[in-house]
Amino acid sequence: MNAQLRGFLVPVVAIVIFLAFWEWLVWVNQWPNYKMASPSDLWPAFWKFKELFLIYGWQTLWRTVVGLLLAVVFGTLLGMVMGFSRVAREALYPILVGFNAIPKATVVPVIALMFVGADNMNTVLIAFMISFFPIAVSVSIGLSTLEPEYRDILRALGASRMTIFWKIALPKTLPEFFGALKVAVTLAFIGTNLMEIVEPHGKGLGHLFDSGKINADYPLMFAVLIALAALGILLFYGVVLLERIFAGWAERGQT
Amino acid sequence: MSTPSDAQIELREVTHAYKTDAGPLPVLDNLSLTVREGAFCAVVGPSGCGKSTLTRLIAGLMRPDEGQVWLHRELVTSPKPTVGMAFQNPVLLEWRTILKNVMLPLEIVAPSMPMAQREERARHLLHLVGLEGFEDKRPSELSGGMRQRASLCRSIVHKPEVLILDEPFGALDAFTREDLWQTMHNLRAEEPFTCVLITHDLRESVYLADEIAVLSARPARLQYLMEVDLPKDRPLDVLYEPKAVEMLAELRHQIQIAQGRAAPDAEAAA
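Here the protein sequences come in this chain order: A and B.
So in our numbering, the last spot in the first sequence is 255, and the numbers never skip.
So in our numbering, the last spot in the second sequence is 1270, and the numbers never skip.
Hints in this document: simulated from the structure, not taken from any laboratory.
Hints may contain errors.
30 Å max Cα-Cα, derived DSSO-like pairs, lysine-lysine [said to hold, decoys possible]: (1) Lys182/A - Lys1137/B; (2) Lys1232/B - Lys167/A; (3) Lys50/A - Lys167/A; (4) Lys1080/B - Lys167/A.
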């Protein structure tokens, strides 16, 4: 079997086995669907609300991606500042760690009050706030641990700091950056959903989940969970694809 | 102080200290050294005596506390594109192919040079060091010796007047090292550069250099200078001839003096 086919088949078979096991578990225990919906209950729920899934799914997706993009820009800039300046690193670290330690569920109502009605912006803001930290830290570590010899090979030729950054520091930090981005993408997704569920404003899959709860439509709630998982997987592998393109060199052949 | 007309590298009474929490740590003490144009000077000395500091001063990456560094009758105050450097760690960029790694200095020093010309130059050097056919490989696909060969190519691709080698063969196994010594001789025959080689290997210094400077323990000063009176085109066997063996014995003796394990004799002071 060739590697590509295997790379596709193995996960698919694993998912099928997982779903079968789930179905069997519900069936053998005779659980009612308010305790645990089975996969066979989910499909009708999906189908019934398919348009809502698309609309709300899109809202969740774009707000997550925009929040993540903001986190990438801000996190990278912050990481650059901390990576190049020791003073900045020492000054900013405690603030950042403290900020990151605050559970974001408590920040959600604060933000919602601050910008009442601007629900898209609030959601993007939470997705951003929850996800920039790992990016900033990894970029700063990547830059501050750059071996001096790497800098010297260009500095000895009279290259400017900017040239050294573009030609050496930035590409060398890419593997760490993408490692952090994989964490950040999941966090941003959590941030979006936090806003959608804690401060309902009629948008996103979080809202769909809430309506399922209010209407006691348990299969719908489970279907939303599955949709969230699917979106999360989509986002994660999007990052993996970018990593392959931009930092594929860091992957060693298995020899 | 008069400047010999053919001096390419000249250190004049260079004194340098590092600032540490426990006060200044002197590393170089009134060190003077001259290397004439086209010569190959090996610098040996006890561990931690400030040899690497010396390379950074010559390269203009640091400025000495006192004294001056001159390259080709020009006072060094900042890095110059007429200098090439290679280190013990080959520091190849993993995201570039070997060819692109070798071409890197040209992007800085000669941005107007046509791409084809840069590539031709890099390919020529890779051919000289025996890396033909590896141009499109990544550094991670090469052995340590091959990476160091590529690193040497990169250090001279922009035709530097001064080449600074900071223990480039230090981490290689003995046979690979000897191979690279020969590569170094081949490169010298083709490329005109003045070279300073920092090394811990006395055989390496005798085999490669025209003159050998022995530095004292930290703070380093010039303790002993030896002219290597061997033919320029030397086979490896030369190291086993009486003349070379004598030189090695003297160098070893000098290192022991520098380490404080042997008493300085009258001859060494001369």
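These are the hints, each one checked on the structure:
{"no.": "1", "hint": "Lys182/A - Lys1137/B", "result": "holds (29 Å)"}
{"no.": "2", "hint": "Lys1232/B - Lys167/A", "result": "violated (39 Å)"}
{"no.": "3", "hint": "Lys50/A - Lys167/A", "result": "violated (48 Å)"}
{"no.": "4", "hint": "Lys1080/B - Lys167/A", "result": "holds (19 Å)"}
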